[in-house]
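Chains as they are written, first to last, in our numbering: chain A, 829 to 1241; chain B, 829 to 1241.
No lab work stands behind these hints, which were simulated from the structure alone.
Certain hints may be false.
Derived DSSO-like pairs (lysine-lysine); straight-line CA-CA distance at most 30 Å [what the hints assert, rightly or not]: (1) Lys-1234(B) / Lys-1184(A); (2) Lys-833(A) / Lys-869(A); (3) Lys-1238(B) / Lys-1169(A); (4) Lys-1238(A) / Lys-1008(B); (5) Lys-1147(A) / Lys-1033(B); (6) Lys-1169(A) / Lys-1102(A); (7) Lys-1147(B) / Lys-912(A); (8) Lys-871(B) / Lys-855(A); (9) Lys-871(B) / Lys-833(B); (10) Lys-1184(B) / Lys-1184(A); (11) Lys-1234(A) / Lys-871(B); (12) Lys-1008(B) / Lys-1044(B); (13) Lys-1033(B) / Lys-1044(B); (14) Lys-1234(A) / Lys-1147(B); (15) Lys-912(A) / Lys-1184(B).
2 protein chains.
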Amino acid sequence: MLLLKNVYLNGKTQDVLIENGTFSQIKSHIEQKNCETIDCKDKAILPTFCNTHTHASMMFLRGIGEDLELFDWLENEIWPRENKLTPEMIYHLSRFAVLEMIKTGTTMFLDMYFYADETIKAACEMGVRALVTYVGMDMFDENETQRRLENAKSFLAQKSPSALVQKGLSCHAVYTASQKLICGFKELANRKDAYFHIHTSETQKEVSDCLKKYGKRPIQLIDDWGVLDENTIIAHAVHLDDDEISRVARAKAIVAHNPTSNLKLNSGQMPLQKYLDRGVRVALGTDSVSSNNSLSMISEMKVAALSAKSAANSSTAAKVSDIFKTATQNGFEALGVKAGKIQEGYLADFMLLDLKCHALLPNVNLVSNMVYSADSSVICDVFCNGKPLMQNRVVAGEDEIVQNFKAVCKSLC
Amino acid sequence: MLLLKNVYLNGKTQDVLIENGTFSQIKSHIEQKNCETIDCKDKAILPTFCNTHTHASMMFLRGIGEDLELFDWLENEIWPRENKLTPEMIYHLSRFAVLEMIKTGTTMFLDMYFYADETIKAACEMGVRALVTYVGMDMFDENETQRRLENAKSFLAQKSPSALVQKGLSCHAVYTASQKLICGFKELANRKDAYFHIHTSETQKEVSDCLKKYGKRPIQLIDDWGVLDENTIIAHAVHLDDDEISRVARAKAIVAHNPTSNLKLNSGQMPLQKYLDRGVRVALGTDSVSSNNSLSMISEMKVAALSAKSAANSSTAAKVSDIFKTATQNGFEALGVKAGKIQEGYLADFMLLDLKCHALLPNVNLVSNMVYSADSSVICDVFCNGKPLMQNRVVAGEDEIVQNFKAVCKSLC
Chain A
829 MLLLKNVYLN GKTQDVLIEN GTFSQIKSHI EQKNCETIDC KDKAILPTFC NTHTHASMMF
889 LRGIGEDLEL FDWLENEIWP RENKLTPEMI YHLSRFAVLE MIKTGTTMFL DMYFYADETI
949 KAACEMGVRA LVTYVGMDMF DENETQRRLE NAKSFLAQKS PSALVQKGLS CHAVYTASQK
1009 LICGFKELAN RKDAYFHIHT SETQKEVSDC LKKYGKRPIQ LIDDWGVLDE NTIIAHAVHL
1069 DDDEISRVAR AKAIVAHNPT SNLKLNSGQM PLQKYLDRGV RVALGTDSVS SNNSLSMISE
1129 MKVAALSAKS AANSSTAAKV SDIFKTATQN GFEALGVKAG KIQEGYLADF MLLDLKCHAL
1189 LPNVNLVSNM VYSADSSVIC DVFCNGKPLM QNRVVAGEDE IVQNFKAVCK SLC
Chain B
829 MLLLKNVYLN GKTQDVLIEN GTFSQIKSHI EQKNCETIDC KDKAILPTFC NTHTHASMMF
889 LRGIGEDLEL FDWLENEIWP RENKLTPEMI YHLSRFAVLE MIKTGTTMFL DMYFYADETI
949 KAACEMGVRA LVTYVGMDMF DENETQRRLE NAKSFLAQKS PSALVQKGLS CHAVYTASQK
1009 LICGFKELAN RKDAYFHIHT SETQKEVSDC LKKYGKRPIQ LIDDWGVLDE NTIIAHAVHL
1069 DDDEISRVAR AKAIVAHNPT SNLKLNSGQM PLQKYLDRGV RVALGTDSVS SNNSLSMISE
1129 MKVAALSAKS AANSSTAAKV SDIFKTATQN GFEALGVKAG KIQEGYLADF MLLDLKCHAL
1189 LPNVNLVSNM VYSADSSVIC DVFCNGKPLM QNRVVAGEDE IVQNFKAVCK SLC
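The whole structure should be built from the sequences, with the hints applied where relevant.
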C-alpha cells in the first residue's frame, strides 16, 4: 500500500491510495496506518505515457547520418551497423532506451526490432510495461516466409516472464512481407489472443507501389486480407483515402501516430483531427531515435499538436486534452491495459511533477503545460503498477546502464 | 579570469580561458595561476541561444484560452487581462521570463511589449543581454502617432543602465501602424544607431489586406518606404513572394523566425531552407508563451527543423548545423553582438552540458543531439559575458522570482 498525501489532481489537492498496483481510493482526505506515505505538497499527479510505436534498441543510431537521403542513410550508415548487432547488445540497448523512457515519463511501449527476447528481458528487469513483438519480413522469398512463421510460433509459445510484458507479432510492411506472411502472422497472433502490428501507408511511394503491385491501397489490401481488427496496430498511417479511414474506424484498429518521424523523414503529415472526427482510435508513438531523435513523449505531444493544426489548417484543431489522451489513455487502452487515467480502479502508472518548475507556471491548464511548455525536467517521480521506477529524478542502476550503452556504441562504430 | 578545464568542444577535450567576458584562449592545455577554475570533466561547452523575437512579459498568459479562435481568444482572454497590467507587474513577469530563458540556455532576447523600461530593469538585474524595444501602434489615429513618436524619442534619449542591454524601437505591424509612425520610428532608431523591429507577413490575411489597402505586399511596402536594411528585424515573414525574398536578402534585413507560433496559430510554414539558399539572414525566436507556449530555444530548434523539412518537401533540408546557427550565431550577429560561437575573441556566452545525460548519448553529433533529442535537463550551467547566471541548475533568487510571478498571475485572473 502506498499513500500519496496532498497531491494536485484536476485542480484540487487530493489524497491517493494505491493497493495492489491500482488506485483504490482518491479523496480529499485519507487516513491510513501502516502504509508507506509520500508527501506530495507542490507536486501534481498525471498518468504516464504509452509509446505505441518504437524500435527501442536503435538508440545507438542517434545522431548518425543526420540529414542524408533515405537510401544513402540506410546503405552507408544504418545497415552496416545493424549487421553487427548481437543479442547481448540488444539487451543493453533496450535497457538504455527504457531508461530514457522512464526519465521522460513513459511506462509502456510497443517494440518492433531484432532479438525481441532481449528487449523483453530488459523491460521485465526494469519494471515497465511493454508489448514486444517478433518481426516478420520475407522479401517475398517462400523459404524465409516459412522460417519466420516458425520463429513467430515458437516466440509466442513461450510465456513472457512478467505479467507487465506482453508478446505480439509484427510484420515490417506490405512491400517487404508477403500476403502469406502477413496473414500467417495475424492468424498466429489471433490464436494466442495477441496483438498484430505493421507499418502501413507511411509514404506516398508505399501507396503508389502497392497500387501498382496489388491494384489496391495498403489499408484496403490488408483489410481485404482480414488483417484489420481491434487487435491490429498500424504504425504511421499517414496517407489514407476516405475509404481507408472508414475501414480503420469500422475495424476499431489502432493507429500509432508518429508525427516527428513523419516530418523528419518528410513522409507527410497525418491528418490527426480528421481521424479523430471520423472515430479512428489514435495513439501516439515516437518511432525510433534514428528518425526522431528522442523517445520523449512530451516532445512528441507538442509536435503532434502543431502538426495536426497545420494538417487541419485550423488553430482550433488538436485540442490539448485530445493530444494528451493520444499519449496516455488511448495508448494503454489500445494495448489492453487499464491505465492512462488517475481514477479509482485504474492501474497505478503515474508521474509526480514539480509544480514549482517554471515550465508548469502559471498552473492554469496543467495538461496544456505538459503538451506545450514542459520538458522532462518537470518530472520528479515515475511509478508503474504502483512501483517506483524513478524517485527524485534517479532511476536505480542508471550509471551502469549508461556505461554498458556506451560500450555497445563504441563496438558498433 | 575563469578557466574551464577539460571541457568537451568540437570532439576534443580542451581548456578554455575567459578574460574580461571574452574567450581569450582555447587550447588542449592551459596553465593559469590565481584564477577561478571549473573542472569540466564530462561536460560539453556550447554557445547559448539568442531569442530574436519574444514578448517576455506575456508569461502570465501561458495555458490561458487554449485552442480558441483568434478573435475569441484576444477579446475574451487576452485583452481584458492585458488592460490590468501595471509597470510593477511587467517587472516581475519579465524576471520570470528571463528565469525560463536562463534555465533553457538563452542569454539574449529581443523584446517587444508594454512598459519596456521595466523589462530593461529586469534584464539588467538578471545579467542577461537584451534588445528591448518600445512598441508603436497608432491604429492610423494621428494624435496617437504623435504621442508614440514622442514616447519613442524619450525612450531612446535615456541610456540603458547596462552595456548588455540595448534599446530599440518596434512597430506592431503595417495593419496597426501608419506609414508616418513606421517611417518615423525607423528614422528615430537610425539617428541613435538602434535596431528597428516589426511583425511582417505573419498571415495570408495580412498580405491580402495590405494588397487591398496599399496595392503592395507588406515587405514591398516597407522596403519602398525605406525601412528595410541591416538594422531592421522582421518577425515571422512567413508569406513572402520571390521579389520580397530578394528584397530582404539584398537589404541584409534579419528575419526572426518563429516556427512554433506559426504552426500553433496556423499562420503557415516559413520556407526556411529557401530563405537560407537565397542568402536571407534568418535567426530563431520563440514568440511569446501565449502562442508557443515556451521560451525554450531547444524545443524551438526541433520544431524549426521539422517545419523546414516539411516546407521544403525534403528530408535533407534544414541541416542540424544550420538550425543550430539560426538559434545561436545568427541571432547574436543579427543584434550586433559578437557571441554565439566558442572561439577565441568571442564573448563568453556559453552553457555547460552534462554529457552523462541520456539525451546527449551517444555523443556522435552533439549539435544534432541538441537540436533533436535534448531538453533543458541537459544544461548544468549558463554564463553570459563570462559571468555565471545558472550554476548546477540553480539561478540565484529563483524562488523569490517564482513567488512574485505567482502573485502577479493571481491578481490578473
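Hint-by-hint comparison with the structure:
1. Lys-1234(B) / Lys-1184(A): Roughly 10 Å between the alpha carbons, so the hint for Lys-1234(B) and Lys-1184(A) holds.
2. Lys-833(A) / Lys-869(A): holds, 8 Å
3. Lys-1238(B) / Lys-1169(A): holds, 29 Å
4. Lys-1238(A) / Lys-1008(B): Violated, at roughly 64 Å.
5. Lys-1147(A) / Lys-1033(B): Roughly 24 Å between the alpha carbons, so the hint for Lys-1147(A) and Lys-1033(B) holds.
6. Lys-1169(A) / Lys-1102(A): holds, 24 Å
7. Lys-1147(B) / Lys-912(A): Within the cut-off at roughly 28 Å; holds.
8. Lys-871(B) / Lys-855(A): The hint is violated at about 45 Å.
9. Lys-871(B) / Lys-833(B): Measuring from Cα to Cα gives roughly 10 Å; hence the hint holds.
10. Lys-1184(B) / Lys-1184(A): holds, 25 Å
11. Lys-1234(A) / Lys-871(B): This hinted pair holds, its Cα atoms lying about 16 Å apart.
12. Lys-1008(B) / Lys-1044(B): This hinted pair holds, its Cα atoms lying about 17 Å apart.
13. Lys-1033(B) / Lys-1044(B): holds, 13 Å
14. Lys-1234(A) / Lys-1147(B): holds, 26 Å
15. Lys-912(A) / Lys-1184(B): The hint holds at about 25 Å.
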